Every structure is written in structure tokens, then in C-alpha cells.
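Each chain, written out:
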Amino acid sequence: MPISAISQGQKIAIVGGGMVGAVTALLLSRYLPHATIQLFDRLAGGSTQNDEQAPSARPSFDGRSTAIAPTTQRCFKQLGLWSQLLPHATPIHNIHISDKGHAGQGLFDRCDNAGEPLGYVVQNAGLGPVLMRALRQANRLKTHECEVTAVNICASGALLTLSDHSTYCADLVIIADGADSQLRGQLGITARVDDYQQHAIVANVRHTQAHELTAYERFTARGPMALLPLGGHANAVESTLVWTCPSAHWHHYQTMSPADRLVQLQRQFGFRLGHFSAMSDPAFYPLRRVLADEQVRQHVVLMGNAAHFLHPVAGQGFNLSVRDALRLTAVLKASAEQGQYLGSLDVLGQYEREQAADQYYTVGLSHSFHRLFTGAPLPVQLGRTLGFLALELNPMIRTHFIGLLSGQAVPQATL
Amino acid sequence: MPKSTLHEPTDTSHNVDPSEIAKFERAASRWWDANGEFKPLHQMNPVRANFIDRLSHVAGKKTLDVGCGGGLLSEALTHRGAEVTGIDMGKAPLEVARMHAEQSGLTINYHQTTAEEHAHNNANTYDIVCSLEMLEHVPDPQSVINACATLVKPGGSVFFSTLNRTPMAYLIAVLGAEYIANLLPRGTHDYTKFITPAELSHACRQTGLSVKKITGLSYNPLTQKFKEADTVAINYIIHAVKQSPH
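So the sequences go chain by chain: W and R.
Per my numbering, the first sequence starts with residue 1, numbered consecutively.
Per my numbering, the second sequence starts with residue 1, numbered consecutively.
Hints were generated in silico from the structure; no laboratory data involved.
As the structure is a prediction and not an experimental result, all values here were calculated from the model.
Do not take every clue at face value.
Said to hold, decoys possible - Pulled from the structure, derived: some chain R residues nowhere near chain W, Cβ distances all over 12 Å:
#1 Asn50
#2 Asp53
#3 His111
#4 Asn122
#5 Leu175
#6 Ala198
Unchecked claim - Here's a subset of chain W near chain R, in silico, CB distances under 7 Å, partners left out:
#7 Leu159
#8 Leu187
#9 Gly188
#10 Ala191
#11 Val193
#12 Asp194
#13 Tyr196
#14 Gln298
Built from N, CA and C at the ideal position, the CB exists for glycine as well.
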């Protein structure tokens, strides 16, 4: 173990400057006073950062939006960024869950979360610049606009090869370069991929009725859909749509006229928001679950979509990754205070163990949302209706479900 | 029936069971199929490689993988920075190993030889010697342990993993994996060749290796992952260090 590294301050490299890479970098900069942090991204500083090939997986700062759970909101508060994000955020006061063609439905409101909003919807176009500015202002953090082409482990740490053929040796490298992570493959870390045989259709829509800060999760035989409120206030008539369709049909949806698309949407969603009057150009992307078979090695940890890429409809992917980042920061902070080497497997293994339960439940929740509701046989449909009934009536199940959805089902890392 | 010793007198240069070699020759092409008959090996590989790396910091170290087969552990250790040599008596698995290393862009030396033969010319050569899931497939495990102790440098580390000879191991690894779940081909394991941690520790001490740590591996069918566990009832891994001469 290189003792000199400990006395001089340890070197942490982060590969990938998407939302997860940026949040992790900011947390480490704030809570590890003796570490230096280098963030590598081939588009660093740009306003359209993408961290993957598929538009799906890009926590890109484009026209789309991100559901922010209460723990993620707290993280932004800790980073001092929440006041800057608030103008781009719409609170979720109600969550309405329904099952197309079945009686089951559920309604949650702020009473289920001690009077606080159940979450927020933040527009990526607002989130991006806030994170970029924070990265520029953070202490001991430097952003490099270049690609990391290889990571090789050597006796002194993780040796990064950059696209300009220079190298950088880090005590710890955090790989957050997305669901199709090149570096994960290059390190020989395999990933389990489950193809959902579905495409997501993501767009912003306008409707004639105010959303009253309600998020809708609706399950249909063709796949789940979510409508999240935008516009910042209860009378707004704009929502962001995550709609799913069988992969066999996505091209059909892509080529149909905007008017026909609205008719289809109306048919699937119903009239709870009145009439749909307009839809932005939708983005289409294939849905799959990607789970890395390993998340930590000596000097290496995988984060964000490189570690786990989830079905988007339950809105869990980014929020889980923020909780991972909080946990990693807490473990590294405590280890650094004890003079431990941050790249060691003892330290990184502790992170993996402590975060395993949260990952297991959250990954399972997102997966079962898909499995329970897409093309399920009749007994499952019946059980689903009973489940909704239990959700409506039983306060304990209700609390547990909201806990799961808001990422508070297992104890969180504290900083 | 407890065995007092792991030594069965054989010609040490031919400490090989031809039926065992034939078994792995037939399966060689499927070695890197993560969902095939080597699935359990794929699943436990990251845990084993991290265990070795955590205790011995493999980066930059000369490492020998005895009974490397298709090269799962050899590649995992190379990815962790080790300079790996892999030896095995199976020709087909070695060909698979060489081909896969080339595809992965890794440099690994593979040789078709036994541990005993390799030890003749390579005494005190390696910083780390590993022989995982191999002892239960040879006629004379003590001879392999002796060879590993010869091959490693004084102060260097040796790792063995194998299956414990307990009713639980029989239930899970033989009945469960081979007959119920069809995870492994029938006949993969011969229960009588399983070795208890006490026997393995004793065999290590016989050759001047001092045992530092014994850890079990347990499987969680929900997450489909192995992890280190306190119980050594089924699969376990042992870390021993070669004593320096005084």
C-alpha cells in the first residue's frame, strides 16, 4: 500500500461527467478535504453531456426531465445547489397509480410523506448548467475534456490512458461512463443484460387540464407509462411523458403523424388530464436492464449506469445512483479519517457490502414494475388488483411502498 | 471416513487422472459461456480473485495459476495487474485459454504441464501460487500442495480452494448442483475426493506453509452471487504463506 499517497492526499479519478459522475465528484470534493479529484469526460464543459451511446441511458442535459426523490433532494441541499435547482423543479404532491382495464388504483399524497412533497421533477436543461458551474467552482477538483481509453491496474494504482496518449495514475478510479461502459468491458467485468423487448418514448406533452402537481403511473398491457408534472406550479398544463411500447411496434410509433400519436396516447392514458393538445418530438430508445457482475476491485469502483441500468418508469435509476454516491462518500470519508488507503479492497468492499441491500431492493422494484404489469397472465392481473386494494387500505404496506419508491426503505448513508 | 493424510503414493510426475482430464477436454469450448456448465465458476470468480487481491495485492506480482483450465482465474488476476503463468494438463482447455486471452488483449503464459513438473525448474519463482477448485480433481493432492510450496518464493502466498467433505457439501455441490439444478454435468465431483479444511491445513503445514486465513464461499440464489462467508461447510479458500528460512 503506497503510504506516501496517504500523507500527500489521495488521488481520485472519475471517468464520465454525466449526472452521476458530476454528483459524485462534488460530494467527494466537499467531504474529502485531503483528496484531489480529476473528472474526465470527452465533452466536459459542454452543455449537452451524454454518457452513453443509447439516448436512453444518457443522463443528458437535454429537453428531458429527471424525477428527484427526497434523498436526492437532500443531497443537492447538502451540496448547496438546491436553491439554484428550485426554479427548474416542480414538486410532486400526489402520485396516482392506475391499471388500465382493471379496477385497481392507488393515490398517494403528501400525508404519506409527513407533509413534504413526494419528490420533484427537475428539467435536465436546468440541472446541467448548475452542476457544471458547481464543478468549476469546487475545491481540489479539476475537469478534463478528454476520453479515458484504458484503465490498467498496477502496483501504484489505477493507470488511466487518455485519448491524447498521456497517462494519469490514480489511487482510486470511479468509472461512471454509462450502461455501455467501455472501461467495464476493458477491465473484463461482465454484465448481465435483460432485454425488456420494449422501447421507451420520451417527450413533453401539453394537456387541457391542470396537473395539480400529480404524477401518474399507469400500467397497460403494452407496458407501463408515467406522466410527471412540469411548469413549477399546480395550474401548469405541461407534463413529461415516459411511455413504453413493445419493441416490435416502436417504428410504427416513430413514423405515425403527431396527431395520431396524440390519439394513441389519449387512448392509453385516458382523460385524467383532459385532452392532450401537443407533444414535443419524442425520443425512442430500447429498454433493458444491465447489471455489472462486479462493482469493486482494488483501486476501482463502478458507479451509475455502468454498475446498474434500470427500467426508467419507476424513476429509480438516478436516485439509486445518488444514494450509492452518498454511501461511497461516507465510507471514503470515514476511511480517510482513519488514515486508510482509499483504493484498497477493504475500503471499497465495505462500500459494496453496505450498499448491497439498497441496490437489491431498488433493482428488484424497478424490474418487478415491468414484470408485474407487462403482458402478465390473468392470476397476476387479479393479484395486482388485490395488491392495489392492500396499498389503498393498509397503512403499513402504504408506508413501505412509499419508502421503496422514495428510496428510504433501507437506512441511508449519513454525511 | 476421515483421511489422516492426503498423500497417496503415485508417480509424482504423472499425478493426473486421465478421466478427469477427458471430462474437461470435452467441455473446453464452453469454458467461457457464463451460462453453461461452468456458470458456478464464473459466478465465484470475482469473489475468489478479489480475495486473493485483497490479501496479496497481486498487481506487479509473478503469479502461478495451477489447474488454470480455460483461464478464468488467470485472466481475472491479469486484469488486476498480476503477471500470470497458467498451467494445466488439459490440451483443449489451454487452447481455449490462449485464444480467449488473445481476444481480451491480455498477455498470459500458458503451459501444458503438472505442478510437480513445473516445480522441477521453477523453485522459489512465484510471489503468489493459486490452485483453485483443482485439488479435488487429482489423485494425490498432497503432491500438488508440495509442488506449490516449492514454486512459491519464501514469504510468498499460496491459495487453495476446494470443496469440504461434509454432508452439506454433498447435498449442495453433488446432489443439488449435478442432479437437481442440473447446474453441473453429473460426475463433475467425486465426494470421496473432497477435502476438509483440517486436512488441507495439516497438508500445508507438512510442507512449511503456514495457514493465515480460511474463508468460506456462500451462494445467494436470489442475487445469484457468491460472497465470502463464515461457514466453510461447502466451498472454502485457504491462504497460506511460505515461511522464510531462518
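Consistency of the hints with the structure:
1. Asn50: violated (6 Å)
2. Asp53: violated (5 Å)
3. His111: holds (22 Å)
4. Asn122: At about 22 Å from chain W, asparagine 122 of chain R clears the 12 Å cut-off, so the statement holds.
5. Leu175: holds (27 Å)
6. Ala198: holds (28 Å)
7. Leu159: violated (9 Å)
8. Leu187: Result: holds, 6 Å to nearest chain R Cβ.
9. Gly188: holds (4 Å)
10. Ala191: With a minimum Cβ separation of about 10 Å from chain R (threshold 7 Å), the hint on alanine 191 of chain W is violated.
11. Val193: This interface hint is violated because 11 Å lies over the 7 Å limit.
12. Asp194: With a minimum Cβ separation of about 12 Å from chain R (threshold 7 Å), the hint on aspartate 194 of chain W is violated.
13. Tyr196: violated (19 Å)
14. Gln298: Since chain R brings a Cβ to about 5 Å from glutamine 298 of chain W, closer than 7 Å, the hint holds.
Checked against the numbered hints given earlier, the structure breaks hints 1, 2, 7, 10, 11, 12, 13 and satisfies all the rest.
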